[in-house]
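Once you've looked at the hints, dock chain B against the given chain A.
Those protein sequence lines, which keep their order, are chains A and B. Under this note's numbering, the first residue of the first sequence is numbered 1, with each subsequent residue one higher. Under this note's numbering, the first residue of the second sequence is numbered 1, with each subsequent residue one higher.
It is possible that part of the hints are untrue.
Unchecked claim - In silico SDA-like pairs for lysine to any residue, Cα to Cα no more than 25 Å straight-line: (1) K2(B) with S26(B); (2) K34(B) with R85(A); (3) K35(B) with G88(A); (4) K35(B) with D125(A); (5) K35(A) with A163(A); (6) K64(B) with D82(A); (7) K2(B) with R76(B).
Claimed, not checked - Which bits of chain A does chain B cover? Going by a derived footprint, with three or more residues having C-beta under 8 Å, they are: (8) 88-94; (9) 171-182.
As the list claims (entries may be wrong) - Just the calculated beta-carbon pair ranges, DEER-fashion: (10) D83(A) with E14(B): 21 to 29 Å; (11) D103(A) with P210(B): 28 to 36 Å; (12) M96(B) with D83(A): 25 to 33 Å.
Read the hints as simulated data drawn from the structure, not as lab findings. Because the structure is a prediction, the values reported are computed rather than measured. Backbone N, C-alpha and C fix where the C-beta goes; we use that ideal spot for every residue, glycine too.
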Amino acid sequence: MATAPAGGPRTARTVLSGDDISRVTTRMAHQILEKTSGGADVILLGIPTRGVPLARRLAARMRDVEGVDVPNGSLDPTMYRDDLRLRGVRPLEVTDLPAGGVDGRIVVLVDDVLFSGRTVRAALDALAEYGRPRAVQLAVLVDRGHRELPIRADYVGKNMPTARLESVQVRLSEIDHEPDEVRIVAEDRRAGDGDGRSPEPRAAR
Amino acid sequence: MKHLLSAEDLGRDEAIAILDTAEQMSLLGDRSVKKLPTLRGRTVVNLFYEDSTRTRTSFELAAKRLSADVVNFSARGSSVSKGESLKDTALTLEAMGSDAVVIRHPASGAPHRLSSWIRGSVVNAGDGTHEHPTQALLDAFTMRRRLGRVNDLSVTIVGDVLHSRVARSNVRLLHTLGAGVTLVAPPTLLPVGVETWPAEISYDLDAVLPKSDVVMMLRVQAERMNAAFFPTEREYSRRYGLDADRMAMLPDHALVMHPGPMVRGMEIASEVADSVRSTVVEQVANGVSVRMAVLYLLLGGSPE
Numbered sequence: 001m002a003t004a005p006a007g008g009p010r011t012a013r014t015v016l017s018g019d020d021i022s023r024v025t026t027r028m029a030h031q032i033l034e035k036t037s038g039g040a041d042v043i044l045l046g047i048p049t050r051g052v053p054l055a056r057r058l059a060a061r062m063r064d065v066e067g068v069d070v071p072n073g074s075l076d077p078t079m080y081r082d083d084l085r086l087r088g089v090r091p092l093e094v095t096d097l098p099a100g101g102v103d104g105r106i107v108v109l110v111d112d113v114l115f116s117g118r119t120v121r122a123a124l125d126a127l128a129e130y131g132r133p134r135a136v137q138l139a140v141l142v143d144r145g146h147r148e149l150p151i152r153a154d155y156v157g158k159n160m161p162t163a164r165l166e167s168v169q170v171r172l173s174e175i176d177h178e179p180d181e182v183r184i185v186a187e188d189r190r191a192g193d194g195d196g197r198s199p200e201p202r203a204a205r
Numbered sequence: 001m002k003h004l005l006s007a008e009d010l011g012r013d014e015a016i017a018i019l020d021t022a023e024q025m026s027l028l029g030d031r032s033v034k035k036l037p038t039l040r041g042r043t044v045v046n047l048f049y050e051d052s053t054r055t056r057t058s059f060e061l062a063a064k065r066l067s068a069d070v071v072n073f074s075a076r077g078s079s080v081s082k083g084e085s086l087k088d089t090a091l092t093l094e095a096m097g098s099d100a101v102v103i104r105h106p107a108s109g110a111p112h113r114l115s116s117w118i119r120g121s122v123v124n125a126g127d128g129t130h131e132h133p134t135q136a137l138l139d140a141f142t143m144r145r146r147l148g149r150v151n152d153l154s155v156t157i158v159g160d161v162l163h164s165r166v167a168r169s170n171v172r173l174l175h176t177l178g179a180g181v182t183l184v185a186p187p188t189l190l191p192v193g194v195e196t197w198p199a200e201i202s203y204d205l206d207a208v209l210p211k212s213d214v215v216m217m218l219r220v221q222a223e224r225m226n227a228a229f230f231p232t233e234r235e236y237s238r239r240y241g242l243d244a245d246r247m248a249m250l251p252d253h254a255l256v257m258h259p260g261p262m263v264r265g266m267e268i269a270s271e272v273a274d275s276v277r278s279t280v281v282e283q284v285a286n287g288v289s290v291r292m293a294v295l296y297l298l299l300g301g302s303p304e
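Pulled out of the complex, with its shape left as it was, chain A reads as follows:
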């Protein structure tokens, strides 16, 4: 659970409810199918933490809609980040590529929030070490703006203009064990040092 940081008051507003997230996921699954002519050769790779269940959900929707089995997995870009030295050491997440690799496939990277674009840049570098996909596309649940790199998403669940001082929190039942929700929290603290990702649940490691 995210605990309130010391300092000023915070206001949270829900921008996507559980039902909204479900509808948005369904639409994105349709869009991926449309743009890739039925999802042939597509691999969905989630960026940990919350991109992974999103990729799994998209794969399930694509199966419901067209009966295609889209391989999905996860890709941890931590070792390729450019901001490793700016904060304490980050624990590594799981990288699990579908059997058969990425060569010649259409890889759709899936993440919850697109903010500076630095995570996606790192993921592109990581992906290149595993092979040469035919194309790489990006699907995000929320695009909150404030890009620092020339990166854009191919599939966007919701465009959400935000202030830098606000943070976008995504809650997914698989990870957070609470109902699906996307909310914007106005925070009264220095921003711009984060990567725009939702704070992790304080897991006992």
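What follows is chain B alone, placed relative to chain A:
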């Protein structure tokens, strides 16, 4: 984590975090490009005052796979042979911009002293008869990979416990991770105060083998033997060596481990060392993954 000086410093969560990180690092071995950009621009110094093939190469490879620059420094053929002290050598290396020093030294406690002199991280790669924490970590990693867990395993460590830093580090780490350890050795090769260690002690290898999940053979360290610890090599080998007959007493799933270098025919028979139960070669491969994990966890974040 700033330094890795002793397995005793590692709490359970920390040790498990290292093993989990090593698990991700080991996936690199399957890739065609075995290199990560993570420690680009960092410098790791291998400061070796004792001979070593395996550990030094393993650390060197680990650092290089993370894209760090590596400087190898061995006491032989350096200004140490002209009488330079450890402190002066360390300060010289630090002045050249090293971020971490991996040290092996014949004196117990040398890495600890070193850590108070330099700003960078210090990794103990074996100090005298004290500790060798990365060896214990790679042993635990090997057990977890082969047997699925470390918790509740019965691990028997056999041989020259007195001179073995590997045994000390293993007893501490395995205890932290919840395994039960039994030490088997001639009474002359057990250190004073061994009864205070979190381990059982036995002098009868045959009695212990049938209930062991892992048996770890230690090398008889002839170079540290300054007294007659046992009558003859043949007698040692008969009572404490692992041969095919003894290996047959182990449960079917049990592993035979050895930190290397092995003295075949002494503590371990050739047929045992080359059997499918032996993890000797695997331990070396796992050593690189574990050392990558340690270097990443020490150097991967902000320098504070």
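Quick rundown of the hints versus the structure:
1. Between K2(B) and S26(B) the alpha-carbon distance is near 23 Å, which keeps this suggested pair within the 25 Å criterion.
2. Distance check on the hinted pair: K34(B) and R85(A) sit about 22 Å apart at the alpha-carbon level, within 25 Å; holds.
3. Pair hint K35(B) plus G88(A) holds up; C-alpha atoms about 22 Å apart against a cutoff of 25 Å.
4. The straight-line distance between the Cα atoms of K35(B) and D125(A) is roughly 12 Å, inside the 25 Å bound, and the hint therefore holds.
5. The hinted pair formed by K35(A) and A163(A) fails the criterion: a straight-line CA distance of about 32 Å is larger than 25 Å.
6. Our distance criterion of 25 Å between C-alpha atoms is met by K64(B) and D82(A), whose separation comes to about 18 Å.
7. For the hint pairing K2(B) with R76(B), the CA-to-CA distance comes to about 29 Å; that exceeds 25 Å, so the pair is violated.
8. Counting residues of the segment 88-94 of chain A whose beta carbon lies closer than 8 Å to any beta carbon of chain B gives 7, which meets the minimum of three for the stated coverage.
9. Given as covered by chain B, the segment 171-182 of chain A fails the check, having 0 residues with a CB less than 8 Å from a CB of that chain where 3 are the minimum.
10. The hint said 21 to 29 Å for the Cβ distance between D83(A) and E14(B), and at roughly 24 Å that hint holds.
11. The hinted window of 28 to 36 Å between D103(A) and P210(B) is violated, with their beta carbons roughly 50 Å apart.
12. Between M96(B) and D83(A) the beta carbons are some 27 Å apart, a value that agrees with the proposed interval 25 to 33 Å.
Checked against the numbered hints above, the structure violates hints 5, 7, 9, 11; every other hint is satisfied.
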